[in-house]
Structures are given as structure tokens and as C-alpha cells.
Amino acid sequence: MSLKRIVQIIATIIQNSYIPALFSGGIYQGILKRYCTPILNCWGCPLAVTSCPMGALQHFIGLKLIPFYIAGFFGAIGIIIGRMSCGWLCPFGFLQDLLYKAKSVKMILPQWCSYIKYGVLIGVAGIIAYVTTEPWFCKLCPDGALIAGIPLVLADSSGDLKALIGWHFYMKIAILIVVLLLSLSIKRFFCRTFCPIGAIYSVFNNFSLLQMKIDKEKCIECESCQMVCPMHVPIWRSPKNIDCIRCLDCVKICPTKAINHGPR
Amino acid sequence: MKKIENLVGIAVVLVLLYFFIFRVLDRIPILRLVLYLASIGTAIYFLYRFARRIAIVRMLLIFVITAVFIAGIIYGGMLGDFVETETVGSIICLSCMGIE
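Just so you know, the protein sequences line up as chains A and B, in that order.
Mind the numbering: the first sequence is residues 1 to 264 in full-length UniProt numbering, read in order.
Mind the numbering: the second sequence is residues 1 to 100 in full-length UniProt numbering, read in order.
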């Protein structure tokens, strides 16, 4: 097993390690909820011990407050490592990595789809959250449906929550199913097209401290880096690509060792 | 000399923007938010353009920007953002789950 996989597993466990919830129900309510994870991990998940930065961002936007903490948090992470946390820490990205390994028809996403996430960030998590004062991205988030919505309903022994299920819940489940099905055929479909956290970090990819570097002298343009890339980024052509999650799979696969990484 | 003039110019613009955003537009939250984000973005973009050819300055710039963001986290904490995040994160948002 690769180092990246081990880190992904450990990160998933650490971020969702509130074991008492399995026995007592409810969610974690301790001091760790003050701190956000640098990736998408629903804070409504019974096992989650930290907060989701996108949920927190929308909450502050809804309150018409400047989100100093969340903006600083995203900025500090982004300026140092760019989208690296997407590649190494995100449980939903990890799930999509695993799904793509399943035998299925494989498809390539058009490049323009990468820009949809900026619309989601500005439109859904920004403008709509501001106008309606409600976290509308959370209401559509497939990760929230998977790790929070479904477990909460399944764990509801009294039947109170089940009685309240309406069309919105089924819409979330439908979005989740579509995302998961497309992830079988398209590399990290959600991360590339809809993830607003990825959209924020991707802005920093161009000038973050950690950079991918290509030795043009050594590169034979075999495109093996693009084939192995979980985001299907042509790293040999654009090492600062907005979709590069610095998973470093390309560094390992490069036959001529033309790809490297490090501080700029 | 030209570069120093550029830097001074950028600093003046940043200071003016700061006062404009936090003093003049203090009562209009949406404008304040938009201008805050726009000023940060503009500042980062122009500082980056200025520094892109000078490796040491570029490196320093990254550290300065990181420090600004960390200061943002600390300032947010002083304003009560941590407690607010803990409070809202400790309740199950049923409407977010589609259960309402």
C-alpha cells in the first residue's frame, strides 16, 4: 500500500473518530468542533470530531459577517500547500479514488467542467447562502448525505427522523448516487467539477509554496503522469494546473524522473 | 528604484483600501465583504506579479501572506469565530440533511 493511501486512511479515521456516537447516538459536541478540517467532512456526521470549513464559511456568510477565521484558514493552507490536502486528507476524495478502481466504462471529463466548481463556490456557497441565510451547499452536499444524513436516519430508533424525511432528503440521496456512479467512470468527478473547497485551494495552486516541477530536458512527453493522475491533469504540460492535488503519483510513475516537487 | 516605487504604491493602495473598507463602508456588510475579498485578491495578484522575477522576494512574500492569513485566523478567534464555529458545529442541522 502506498504512503498516500495510508495517510488517507489515517486522516479519514482521525477526522471521524468519535466512537461513543456509535453507542449513544447524537454527534460530538466538544471543543475540537472549534477547529476545521482542511477538507470536506460533514460536521453533522455522528463520528466527526472537527468542523467542515465550507459549512462554517456559509454560516458566517449567512450571518453577514466577514469570515476572518475561515478565510485565513483557507488562505494559510492554500498558500503553503495548494490543493495537497485534497489529495492526501479528503475522505470523499479517497472514496472516489477507490470507486474509480472498480471495473467500469471509463470516461474523460472535458476541461471546461473544472470551472463549474467556481460557480458552485460563488453562486451556491456564496450568493445564495448570503441571500437566504441558509447553507445551501450543505443542503446539496453528497458528502453530507453519505456520512451524516444516511447514518442519522439509520440510527434513529425512535422513528422521529424517518417521519420527517421529505423530497429534499431524497434529492440529496439522488445527488449522492449520481456522484458515486459517475465516480466509477470519471476520475474524482466531484472534486473536479463541484467541490467548492477545491475551488478555493485551486486559486492558490499557481503561487503556493509547494510546487510541482518539470524538467523539460528529461520529459519525453509519454503522458504516463496524466494517465496515473487521479485528477487527469496533464502535469507534464502544466505543473501549476488548478486541478493538481499534489498527490505525487506522477512523481513515482515518471519513467525519466522528470517530475519533482518542493518549495518554489 | 522603479520597483521600490511600485511597492510604495501598492502599500498606499492597501492602506487606502483598508480605511475605505473598514471605516467608510462599515455599515454595508455585503459591500464590505466583497471589497475585502477583492482587495486581498488584488493585493496578492499585484504583489505576485511584482515579485515573480525575484526569488527571494517571492519567498518572503509567501511568508508575509501566510502571516496575514494566520493573523486573520487569530483575529477571527478574538472576534469569537472559534466559539461560533463550535456552537453551530455541535448541533445537527436537520434541514441541511433534508430532514425537516
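Simulated from the structure, these hints should not be mistaken for lab results.
Take the hints with a grain of salt, since some may be wrong.
The calculated lysine to aspartate or glutamate pairs, modelled on EDC-like cross-linking and capped at a C-alpha distance of 20 angstroms, are [to be verified]:
#, chain 1, residue 1, chain 2, residue 2
1, A, 64, B, 100
2, A, 64, B, 84
3, A, 106, A, 215
4, A, 103, A, 134
5, A, 162, B, 100
Covered by chain B, according to a simulated footprint, are these stretches of chain A (three or more residues, beta-carbon under 8 angstroms) [unchecked claim]:
#, segment
6, 1-14
7, 127-135
8, 212-223
Simulated DEER-style distance windows between Cβ atoms [claimed, not checked]:
#, chain 1, residue 1, chain 2, residue 2, range
9, B, 54, A, 155, 52 to 62 angstroms
10, B, 60, A, 25, 28 to 38 angstroms
11, A, 104, B, 79, 41 to 51 angstroms
For glycine and all other residues, C-beta sits at the position ideal for the given N, C-alpha and C.
Proposed proximity, residue 84(B) with residue 64(A) (alpha carbon, max 20 angstroms): 13 angstroms, holds
Outcome, coverage of the segment 1-14 of chain A by chain B - at least 3 residues whose beta-carbon is closer than 8 angstroms to one in that chain: With 0 residues close enough to chain B, the hint is violated.
Proposed proximity, residue 215(A) with residue 106(A) (alpha carbon, max 20 angstroms): With Cα atoms ~30 angstroms apart, residue 106(A) and residue 215(A) exceed 20 angstroms; violated.
Residue 60(B) versus residue 25(A) beta-carbon gap, inside 28 to 38 angstroms or not: 51 angstroms, violated
Restraint status (C-alpha distance of residue 103(A) to residue 134(A) at most 20 angstroms): Measuring from Cα to Cα gives roughly 39 angstroms; hence the hint is violated.
Cβ distance range 41 to 51 angstroms for residue 104(A) and residue 79(B), holds or violated: Distance hint for residue 104(A), residue 79(B) holds at roughly 48 angstroms.
Coverage criterion applied to the segment 127-135 of chain A (partner chain B; beta-carbon cut 8 angstroms; 3 residues): n = 3 at 8 angstroms, threshold three: holds.
52 to 62 angstroms as the expected CB spacing between residue 155(A) and residue 54(B), which holds or is violated: 57 angstroms, holds
Agreement of residue 162(A) and residue 100(B) with the hint, judged by alpha carbon distance not exceeding 20 angstroms: 10 angstroms, holds
Chain B covers the segment 212-223 of chain A, three or more CB atoms within 8 angstroms, holds or violated: violated (count 0)
Hint consistency between residue 64(A) and residue 100(B) [alpha-carbon to alpha-carbon, up to 20 angstroms]: 24 angstroms, violated
Against the hints set out earlier in the document, violations occur for numbers 1, 3, 4, 6, 8 and 10.
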